[in-house]
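Student: In case you want the letters, here they are:
There are 4 protein chains.
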Amino acid sequence: MIVILKPNTSEPQVEAFSKRMEALGFKTHLSRGENTTIVGLIGDTSRLDPEKLKSEELVSDVKRVSEPYKKANRKFHTHDTVIDVRGRKFGGGFFQVIAGPCSIESAGQMELVSECVKKSGAGLLRGGAFKPRTSPYSFQGLENEGLRLLLDAGQKTGQPVVTEIMDAADIRLFEDVDIIQVGARNMQNFRLLKILGQQDKPVLLKRGLANTIEELLMSAEYIMSEGNEQVILCERGIRTFEPSTRNTLDISAVPVLKKLTHLPVIVDPSHACGVSWMVLPLSKAAIAAGADGLMVEVHNNPSQALSDGAQSLTPQAFDELMRSLRPYIELERKTIWSERQ
Amino acid sequence: MIVILKPNTSEPQVEAFSKRMEALGFKTHLSRGENTTIVGLIGDTSRLDPEKLKSEELVSDVKRVSEPYKKANRKFHTHDTVIDVRGRKFGGGFFQVIAGPCSIESAGQMELVSECVKKSGAGLLRGGAFKPRTSPYSFQGLENEGLRLLLDAGQKTGQPVVTEIMDAADIRLFEDVDIIQVGARNMQNFRLLKILGQQDKPVLLKRGLANTIEELLMSAEYIMSEGNEQVILCERGIRTFEPSTRNTLDISAVPVLKKLTHLPVIVDPSHACGVSWMVLPLSKAAIAAGADGLMVEVHNNPSQALSDGAQSLTPQAFDELMRSLRPYIELERKTIWSERQ
Amino acid sequence: MIVILKPNTSEPQVEAFSKRMEALGFKTHLSRGENTTIVGLIGDTSRLDPEKLKSEELVSDVKRVSEPYKKANRKFHTHDTVIDVRGRKFGGGFFQVIAGPCSIESAGQMELVSECVKKSGAGLLRGGAFKPRTSPYSFQGLENEGLRLLLDAGQKTGQPVVTEIMDAADIRLFEDVDIIQVGARNMQNFRLLKILGQQDKPVLLKRGLANTIEELLMSAEYIMSEGNEQVILCERGIRTFEPSTRNTLDISAVPVLKKLTHLPVIVDPSHACGVSWMVLPLSKAAIAAGADGLMVEVHNNPSQALSDGAQSLTPQAFDELMRSLRPYIELERKTIWSERQ
Amino acid sequence: MIVILKPNTSEPQVEAFSKRMEALGFKTHLSRGENTTIVGLIGDTSRLDPEKLKSEELVSDVKRVSEPYKKANRKFHTHDTVIDVRGRKFGGGFFQVIAGPCSIESAGQMELVSECVKKSGAGLLRGGAFKPRTSPYSFQGLENEGLRLLLDAGQKTGQPVVTEIMDAADIRLFEDVDIIQVGARNMQNFRLLKILGQQDKPVLLKRGLANTIEELLMSAEYIMSEGNEQVILCERGIRTFEPSTRNTLDISAVPVLKKLTHLPVIVDPSHACGVSWMVLPLSKAAIAAGADGLMVEVHNNPSQALSDGAQSLTPQAFDELMRSLRPYIELERKTIWSERQ
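Chains as they are written, first to last, in my numbering: chain A, 3 to 343; chain B, 3 to 343; chain C, 3 to 343; chain D, 3 to 343.
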């Protein structure tokens, strides 16, 4: 960590500051410029709060040199983590597609969609039982009943299931769920992250609408630091000034994350753009940028969907999507799950 | 709600669409342009999801005409709501200052700060017991013990207290707290909002870093729709591209909110800018823009603070701040709480 | 265009408003809701300023239904425009790569780079003679001398050249340039756009850092409305809160633009990310998202570059890039220029 | 400037790098951490491009310690610059209001508005002759004729005039203009800035929609480095995700700029919000935050305005605004120009 002192800090003040830092267990290196003295702090600075240092009277600015995350850091774990969910693998050359409706609506719907997306090549079934909705007057999901419909459908077709948790208090309800999803709005619900860190179950962590890549990794670190290292990261668009898409898919986040962390990185093109016709080009772009998987909304009857219909594909459209994506996945020399394996 | 149909929608399609909408209980009005037909839906559209409509094959775009919030809407409640917290009033011409440290650290600290800020004119004491921190390795607050220290200090000085809840499961711990704060990262933790809506206690709702003013009002609506109408809104800066301040204080949010809602609106200048020297100019600006109160970080020893020291004022600096602010509050013809009242 | 009147506008006021609009040559359609009356304006509203209408006392909001651009609009020109620059074609199934250094430095450099990038498959040579630099103390380009070096190098290798104009007054200097580039900072330099609209020469128009897709199309419209319809659009990253890349490449802009306009759309991955190692994944993503070409920085000695070295590839790295990209271009069934054609 | 080398850079590589930097005229200081070596460069680094350094193979990151602007920097010029425009002073305790229509429309209009705003306390008259408009089909201003009408009106009422230049080629037309305005879209039109730097006339420099405060200061530096030190900075809102205001007024920019530079700083509330009812609260906030002046749109008949009517005040509303603002200006102990002086 680099501490830049204010201009005109006196020599005795610099020395006193250095001694205080050394008392905290850091080695210090001084670099004196014409106007500015810089103090380098050497040691484990991940527990040191840059904001606290900035409030010191002598301090002009503080800059981190090393990343504040450890367990998620590729520097200390160079090989790709492969997360295996009952045979469906994410990362390390394995590509995985999660598909299903935004909201779970009925047993018939879930079975139909599960059957269809499996045939088309989706390795896992998704569906929302607890729905985070901006308006209290919007449909909030079938909740417990929805979870049961999802698990039943998954069992019938042999598909592992992914669904979102909205509150740490619900954790017991998710015992049979294969991957627990943390939605964008909960990316910094730290209590929830800690509880998930105590489970022995993969977590799908979505990036918040206004969260940096480093913050996403710090949220993964929350889960990992509690003992659960099975975290799948998901880019799903950030909030910008551009109105023509619901969010702006930050495609660069894919290569940046793959460089910084060993965890698998997937992309949710449906939520990023908000309209079904853009799912194909964004999915192709995600694969080409290095993503380890996709999460795609599929609904048997999008115009009757109880939420987010505009961005859902029909099963037929999803089948065509998968056909179109295969050559891109092959070009990346990645292995996609297939029923025939 | 206005539904814009795609160009070249045929007359029978338009009619079929209108009939479907009428079956849902809306009156419809058609407006045919050269290329475009527009369907106006008349009735209570707050339960209708624009996204769902957008997924209809015929639909090109959907635009709301009326606001999706009701209880928070000034249209249906023209007088300012005044929230009275044991004599400290927010809104309707009353101006209130909440002050205290970001993190609660010790009994001595809390008593000292409480005493000082009360003398200087702060009506309420704040302090963080449960701290949302980006890093799992940072100090997370004294939690239950911190809550006790805050309540004790408040009791000694007679100050009502404000503190942040991070998880709905903790609600019982907050029984004696006077105002429960929802932090920016939890603004869309809908489960938490619903639980708070079932309490008989004011809620201080902070705007999320990337949330629109309408989303803030919808989150207030979550609380209000459960029965608790005592919501204080707080602007605390949004995330933008500008690096010279931690966040960008959206000062326009103050007049916009005062126009759209009857709820009190306060400003947190400390978190918005992240540095103590800017608290004065931003506080003055907030008052001048029409805010009903301020939330200011005060720490007995900012450079030793366990979190967010850089933005904390000393009790002396806070006293000077309050002296500087009084003429601005008077110019707005607002009444500020005073011990001598 | 839809005009939403304020609640409680009286019937005579509505009628008077409608008559005024009809006097301006529009047909009107009224739609009366419970609280709101909506006036649909039918006719050529592209010359009508929504802002002006919004200032009318009765008006609550104004929403456009049709796009404000015409010549750039795919609705009125369904086939892809193909721009042919001395045999190098952009759009309509043709894929083109423009490569070269950010700044022109010497004759030797330009010849070497031109030779190399041509061999690797770049159809055109780029190089900056006039450099827009944030600091007046930074190198501003070789200017006229630089232009000459670029033209000489292009002539020697037979490569058409692309270079940026910074001021309308320089237009005569660009007579022999094949494509004139408008940089991101000049995207709304309307005087410059008009002058370029009077040339018979393709224009490469880069999206501004904070400009919407619609504004980019309106800037293209400025050029086209003066008579020059040879406009190539370029997405090069927008400004967001994310610090890990210089800008955020808005990959969704590619399919959105391809849907809205018939003009070719290319991507500049080098400026979007600011670091050379990300050029490959972002280039692949751009191709997969539907781009008609790329603009890539190549420098014979990046660490000695007078500007933007961090994002430049060496000629060797560029050659590898092109080899890696070919299968992606083929998968899109696009034709890339080749020396052997 | 601080150069952070990549982990595992060898000792001979560090030495070779340091020698190269010393050959460029800098002193170097090395600070060796556990994983990282940091090289401090001492000397005039304002001519050194951080981007170029970042492209060096050994370099991981580069951080500036001192600001890249000199002439605009308060460090080297501690007293406020006062800009005196025929008796109307900006900065150093003087507060100035510039008022007038967005677009100049007729002689009658300009004389009426000039007369009215002068009586109400505006020191200068503004009006747009050359209008930067997003659409080529919108009214582009009366251009030369408009300039003449503005100058005539100013002469009749004795008001100095402010108007926007869009192209360096027009500079001769602005000979009699008192303050030349650079619009937000031209903030980084560097050629224009240089030409203005060669004039002996104050320049009003507006911040670009997506430009940082540092970039605004670097654009001021462009003008100042050519010899013209009479620059007035103007905050007018930045582009964010919030849709309820046209732009987001960055009120923090006022105190930040006042700290970093000695130049006067004014605020344009009309463009920031885009609606007339918000001009009052934002103007008060701007004064309270420390602004040295305001630029306000006033139109004799806003609903008939040829551009930006929605944000214009009537002369009556402007008169009330000025009455409301005076006590705030007095509270800041600033002197506002008055006809009776």
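Calculated from the structure, these hints are not laboratory results. Please note that the accuracy of each hint is not assured.
If chains are identical, the list can't say which one is meant, so a pair holds when it fits in one copy or spans any two.
In silico DSS-like links for lysine-lysine, alpha-carbon gap of 25 Å or less [stated by the list, open to error]: (1) Lys203 x Lys73; (2) Lys8 x Lys65; (3) Lys29 x Lys336; (4) Lys261 x Lys72; (5) Lys21 x Lys203; (6) Lys203 x Lys65; (7) Lys65 x Lys29.
Student: Take the hints in turn and mark each one as holding or not.
Tutor: Okay, the hints, checked on the actual structure:
In this assembly of identical chains, Lys203 and Lys73 lie within 25 Å of each other by CA distance solely inside one copy; the values are 17 Å within and 41 Å between copies. In this assembly of identical chains, the alpha carbons of Lys8 and Lys65 lie at most 25 Å apart whether taken from the same copy (14 Å) or from different copies (16 Å). Taking identical chains as interchangeable, the C-alpha atoms of Lys29 and Lys336 are never at most 25 Å apart, the minima being 45 Å within one chain and 50 Å between chains. Taking CA atoms no more than 25 Å apart as the test, Lys261 paired with Lys72 passes inside one copy only; the shortest distance there is 14 Å, against 38 Å between copies.
With identical chains, the CA atoms of Lys21 and Lys203 are never at most 25 Å apart, being 46 Å at best within one copy and 48 Å at best between copies. Taking CA atoms no more than 25 Å apart as the test, Lys203 paired with Lys65 passes in neither setting, with 36 Å inside one copy and 41 Å between copies. In this assembly of identical chains, the alpha carbons of Lys65 and Lys29 lie at most 25 Å apart whether taken from the same copy (16 Å) or from different copies (21 Å).
In terms of the numbered hints stated before, the structure departs from hints 3, 5 and 6, listed from lowest to highest.
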